[in-house]
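Asks: Let the sequences and hints guide you as you build the complete structure.
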Amino acid sequence: MTKFILRRIVISIPTLLGISLVLFAIISLAPGDPFGDIALNPNVPPEVQQKLRQQLGLDDPVYVRYVKWLTSLLRGDWGVSFVNRAQVVDLIWQRLPTTIFVLGTAYLLALLIALPVGIISAVKQYSLWDNLATTFAFLGYSLPTFFTGLLFILVFTVKLRWLPEVYTTNIEASGVNYLLEVLRHAAMPIMVLALFQSAELTRYVRSSVLDVIHLDYVRTARAKGLSEPRVVLVHAVRNALIPVVTIMALQIPAIFTGALITEQIFRVPGIGSLLIASINAHDTPVIMGIVFTYAVLVVTFNLIADVLYGVLDPRITYS
Amino acid sequence: MSAEDWSVEDLVQQYKAGSISRRDFVARLAGAGISAGLIFAILQACGGGEKRPTSQQQPGAVVTTVPQARSTFTPTRRGGGGTVRVLWWQAPSILNPHLSSGTKDRDGSRIFLEPLVAFDAEANLVPILAAEIPSVEKGTLDPGRKWIIWKLKKGVTWHDGTPFTAEDVVFTWQYASDPETAALSQGGYRKIESIEKIDDLTVKVTLKEPTVDWTTPWSNSDGLILPKHVHERYKGKEARNAPANLKPIGTGPYKIVEFRPNDIIIADINPNYHVENRPFFDRIEMKGGGDAPSAARAVLQTGEFDFAWNLQVSWDELEAMEKAGQGVILVTQGGSQEHIQLNYTDPNVEIDGERASLKAPHPFFTDLRVRQAFALAMNKKLIVDQLYGKTGEVAHVYYYTPKKYVPDVQQEYNLDKANRLLDEAGWRRGPDGVRTKDGKRMKVLFQTSVNKLRQDTQAIIKQDLQKIGVEVELKSVIADVFFAADPGNPDNFPHFYADMQMYTYTRGGPDDYLDIFRSFLSTEVRQKANNWATQNTTRYVSKEFDALYEQAKRELDPVKAAELVKQMNKKLFDDVAVVPLVGRGGVAAAKKNLKDTNLSGWASNLWWLPYWHRE
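Order-wise, the sequence lines are chains S and D.
By my numbering, the letter at position 108 of the first sequence is numbered 88, and the numbering carries on one by one without gaps.
Position in the second sequence (from 1) plus 1271 gives the number in my numbering.
Simulated from the structure, these hints should not be mistaken for lab results.
Selected chain D positions facing chain S (Cβ under 10 Å, derived; list incomplete):
hint: 1; residue: GLN1361
hint: 2; residue: LEU1370
hint: 3; residue: ASP1376
hint: 4; residue: ILE1535
hint: 5; residue: ILE1537
hint: 6; residue: ALA1569
hint: 7; residue: GLN1572
hint: 8; residue: ALA1755
hint: 9; residue: ALA1756
hint: 10; residue: PRO1758
hint: 11; residue: PRO1761
hint: 12; residue: THR1775
hint: 13; residue: ARG1789
hint: 14; residue: SER1790
Cβ coordinates follow ideal geometry from the N, Cα and C atoms, glycine included.
Replies: Written out as structure tokens, the structure is:
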């Protein structure tokens, strides 16, 4: 096992290098530069423009810039934003709590909905419940978040006036009121994301439970006279959830890197909106910081999923 | 109706008039590749989809033009107003106005930092950190406009308690004009020869050349004064590493509490602010991010915020939101103009590795009659009425405000005349209705940035141009690429690798004609040799215009200078060097109970912040 993990870690190094190289190349090839509307401003002399490009090293060839970025990353230096010289690490830390709170809660909620709904639909296949759940899942899965987001704003903010449209991290209240206010602000983004994710997960849970529910060992368990909940929860679901665990593990990186569209709609100051702002500003160090973190997380959680497989399924051994 | 000849705006009109159903309307928009989110917004703007004839619409939304009285409220103490929440949908990312040219960053900085003077809506100077406005009568302004003496306000302190003095003004000039700082505010300071401290509260500014526009940079966002004791260590190369770029120390009405770049600014009242009993609000929160329509909604419809800036949203949508009764739309006139440039050079011919070279004249835009025909085909009134509403006005000349600079000329909309001119110029209609001459088709590539207003404008212009036998291909480039300055980017506006393009130029002040008219000087033609970093994008070359400009540069008498500006305007108009389209107002929204915002088109939206109050 240890050998397997070590081997995988060694393999992941060239993978990550490759990813970073491709990312850097794409960002450098994209037209546009970090100085926004300089070209529009007759008061900014061209020399200033050139000086700025020089100062940020934008005139160096792409490979020089890449090697510079990589070597400083290896030293633990994530670089500074082109726009305001803030440390990229600081910018990410500033926003991480919000992203983890909103996306983590949404994900937890999605699990709490998806597990029971998916299991019941599978056990009672083609029942009214199953049809309702399937409809819900397809609806949730096929409605994009930018649509449900706007729909929720229309219903809950414009019509009902229950929830604020703009997410605020700066809440002036304390105790229970503080908690309530935080929830009020986070409610819509969480609902939007949970709807989407639970729909997706419900489908996975349902289909993997269906895969096992008709197998012989489940029939044997029933024949032994075990109670139905015990048959389903202990015998069927336990095995059915193995593929679901993998899918969940692979979705966890997203909790750290934010939801681009939903964060934008509700102005949630998370990693996703930082990424959009940085892309718009052509702020390469910040973009690289976020996207590369995402790549590392994906690679790591892939490894974790593989290891979990071995733990959950005794038939799989890594030797 | 083919896909060619309808525009979203037509469709909206038809839908409002009830001549097409909601279902058809949505299907057509979706078919045109418009996103569900946008369709939703359009439907919302159409009044929730009620079918009602346009004639029965309620009267137009209330537009509050800037009030005459600057302050309607005389407080007896400072503070007590609670929190004022403002929404800038482009979020500030740095709070040093000298290191960013973005309005969002300069507005964010304006909460903390202040200029010597500012222009109000009527282009009158109002002292902020200056004790008085320099004038020839008081002996503080050179009749020859070579020097200015600024007397500074007494008793002003920086947020850390250090007194504000002449040293800070001198330092700001040194800081911004140091080439190593690479300050984006540099332009305005370059005309200064020297600044001399006369005493602690008096400076004498000597200019390299006399100019009518002696108030800049002191009157605009280039001129926000920095504290010497804070930034002294971070001058030149180190400028961008100053902690104060993110945590500014200024003289302004609020002190920074927290700044999260691209998200929020939180600032508390400055108990030692230099205006007695001001400000009224105890705290200001500037939230950023999102987009303009939802920012408008957050003030006008849901009332979550007190103020929102730069609401580039179609007039229909704004009007519909204002009916919710929570807030009012505020329009300021600051001289910005949406205009169309016709390329004098051929973007499709490459000479010495350079497209749109001066050596390759445009196949038809070099013919005055063709340019005139194009100008005659622009239905400016329709564009203003349908798209801009009260946020725009038809513009006939390039430098269209203040009125003293505007010659008495008007561009008519006349397709017959346009057709006749093109016939005269020898462009005959082919079998497909498109004009040709000597085997060349009259085909134009018309580009602009991605923006709903601009795409709707493009659609209207395309229809009219087709009627005069021009084939039009529309292109829209995402804004941050279109407006970027990188020399390797062929899609940005400075390269102008298209036949026509449209965008808005913005002004630095009411008398900045020398800066604005640089865009037509033969010495400023954007070419490869200068990395396309100069100002003349159309590549118009005229000796007469150059001569007029030189004359205007030397003219110090404001009345005579205004006459020369009129002549320059007239020359550009006669030559159709550019097609002015719409004078664009700045659009903001404020909650009904937020008073005395006193917006000026010549200053930051927050210039009057200390006097804002809530009823």
